[in-house]
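So the protein sequences, as listed, match chains A and B.
110 is the number that my numbering gives to position 53 of the first sequence; each next residue is one higher, with no gaps.
1157 is the number that my numbering gives to position 295 of the second sequence; each next residue is one higher, with no gaps.
To be clear, the hints were calculated from the coordinates, so they are not data collected in a lab.
All of these numbers come straight from a predicted model, not from anything done at the bench.
Among these hints, one or two may not hold up.
As the list claims (entries may be wrong) - Dumping the calculated SDA-like pairs for lysine to any residue here, alpha-carbon to alpha-carbon at most 25 Å:
1) Lys1021(B) <-> Asn114(A)
2) Lys122(A) <-> Met1085(B)
3) Lys1263(B) <-> Val1224(B)
4) Lys1074(B) <-> Leu1032(B)
Said to hold, decoys possible - Facing chain B, from chain A, some residues (calculated, C-beta under 8 Å):
5) Lys79
6) Ile120
7) Lys132
8) Lys144
9) Ala156
Glycine included, every Cβ here is placed at the ideal spot set by N, Cα and C.
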Amino acid sequence: METTIAGQTIDLNNEGYLTDIKQWTKEVAMHIAQEEGITLTDGHWPVIEYLQEQYRNEVPLSIRKVGKSGVVDIKQFYALFPGGPLKKASRIAGIPKPASCI
Amino acid sequence: MKDLVILGAGTAGTMMSNHLAKRLAKDWRIRIVDQRKIHHYQPGYLFIPFGTYKEEDIVKPIKKFIPERAELIQEGILKVDKDHDRIYLENGETLDYDVLIIATGTDIAPDEIDGMMGPHWHQSVFDFYTLEGAVKLHEKLETWEGGHLVVHITEMPIKCPVAPLEFAFLADAYFEQRKMRNKVKITFVTPMDGAFTKPVASAHLGHLLKDKGIEVVPNFNIMSLDGENKTIMDYEGKEVSYDLLVTVPTNKGADYVERSGLGDELNFIPTNKGTLQSNAKENIFVIGDATNLPASKAGSVAHFEGEILLENVIRFIEGKELMDEFDGHANCFIETGHGKALLIDFNYHHQPVSGTFPLPGVGPLNLLKESRMNHMGKMAFKWIYWNMLITGKHIPFVSAKMQEAGKNFEEETV
Ligand SMILES: Cc1cc2nc3c(=O)[nH]c(=O)nc-3n(C[C@H](O)[C@H](O)[C@H](O)COP(=O)(O)OP(=O)(O)OC[C@H]3O[C@@H](n4cnc5c(N)ncnc54)[C@H](O)[C@@H]3O)c2cc1C
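Please take these sequences and the hints and turn them into a complete structure.
Listed below in structure tokens is the structure:
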């Protein structure tokens, strides 16, 4: 599905996740965050960058991994992205939803 | 004499010892190390709680499956010193190697969650990812009079990620058979956003949970367990109470991996996803559940990896370029209860879709659809496991790389 965010054409899957991280910009992130009811602050960006870096290195992500990253602990991660932090933060970071095999 | 050592004689290690015994030049010695004497058919753990299999149906001596050419060392592994190509065993002995294959899998670590271990462990809180847990759970279910059964996943990744769902489906059928389904409430609690997380599978299978009256609590990341009050709490303050909790605790790689500085925070070993070479050193290869690959942790995956790893070990020894060919192929049966099962076939690039398997357009097995034939496939897997998979034989019609013909990939675009 194609959509326009902040004047850019973006491809999203039917759950609203970017299908190509190359289309990601900070403006896109802010827009998606707003849809998730989150206003991005200085505390959010390092987490987003960490997730993107892990994704580029093809490292599977988990809440624990983020909690041990040294960027945030699990409680802070929840405070920044309430109600499903990994899921929401992944969407804002422009990377795929954490999923099982089925 | 050159030395190849395999750590772990489970599914992947045993299989590799058989592959290599046939292919390695005569001037290579093969040694394989495992702390256990007994090989467990782990997919059988799922059926033990319901009395379908007994303990003795799913274990055999490791020795029986190790080729004559390989030396089996029954000992715990203490540490790998990768800089000196040396392994330290718990009995104080050392093994030097030219090539190392790590296949020590993953095990549950319930003590990772505050309160999970305690007097309630194997009393009201059970696992079925160990033989002991599965056997104790069987004893419990036989005498349980009903209440709230919570089936729970602690965190990802876990081996055989579909097993908890299969457990919930089989529990529904089991209580129905015992004419007490109305006395049991079943809830499935998961850290993911649903019991099914892939769009195509959700569309095909989402109805199963509703049909079986299984409630789902999604996005639940457990922080602690209160055994006295029989409650689990998550990081957001959500609580779920249970009478009987069947959990899949955190899965971790072996402790020696951490001591050797080879693993990530869960002791899984960073591995090249196409070649199966470790990132740590070029003469160390990793296979099966021990890797950090974004593939499923399953016996079928170890089987597909095996054909590529064999080729790459030989190429490495001959100084040739490795093949970057593993595609993440997995093939798993999913029990749905009442003598039926599903089958899924997928890889790094494609999620499970519908279609036919293994022969395109013919089957006889159907993908992503419940059938009796698939259940027969699941039960036949035990024979295939002992007689073909761990002995390193090729399974007819099933290739290491996923076959694309006969699959409805157009479903992925919706
Ligand atoms: C309930 C359940 C259901 C499953 N169902 C299926 C299914 O239907 N289909 C499927 O394909 N897969 C299934 N699996 C997954 C499958 O069993 C595993 O993916 C597979 O066994 C992995 O093989 P492995 O060789 O990597 O590890 P393992 O077979 O676990 O072998 C690891 C070996 O290393 C040894 N070891 C570990 N640490 C040390 C140490 N420090 N010193 C010495 N030895 C050590 C262990 O003793 C063990 O023998 C299931 C698993 C479970 C738990």
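Against the structure, the hints:
{"no.": "1", "hint": "Lys1021(B) <-> Asn114(A)", "verdict": "22 Å, holds"}
{"no.": "2", "hint": "Lys122(A) <-> Met1085(B)", "verdict": "15 Å, holds"}
{"no.": "3", "hint": "Lys1263(B) <-> Val1224(B)", "verdict": "19 Å, holds"}
{"no.": "4", "hint": "Lys1074(B) <-> Leu1032(B)", "verdict": "10 Å, holds"}
{"no.": "5", "hint": "Lys79", "verdict": "18 Å, violated"}
{"no.": "6", "hint": "Ile120", "verdict": "5 Å, holds"}
{"no.": "7", "hint": "Lys132", "verdict": "7 Å, holds"}
{"no.": "8", "hint": "Lys144", "verdict": "6 Å, holds"}
{"no.": "9", "hint": "Ala156", "verdict": "4 Å, holds"}
Hint 5 alone, counting from the list given before, is not met by this structure.
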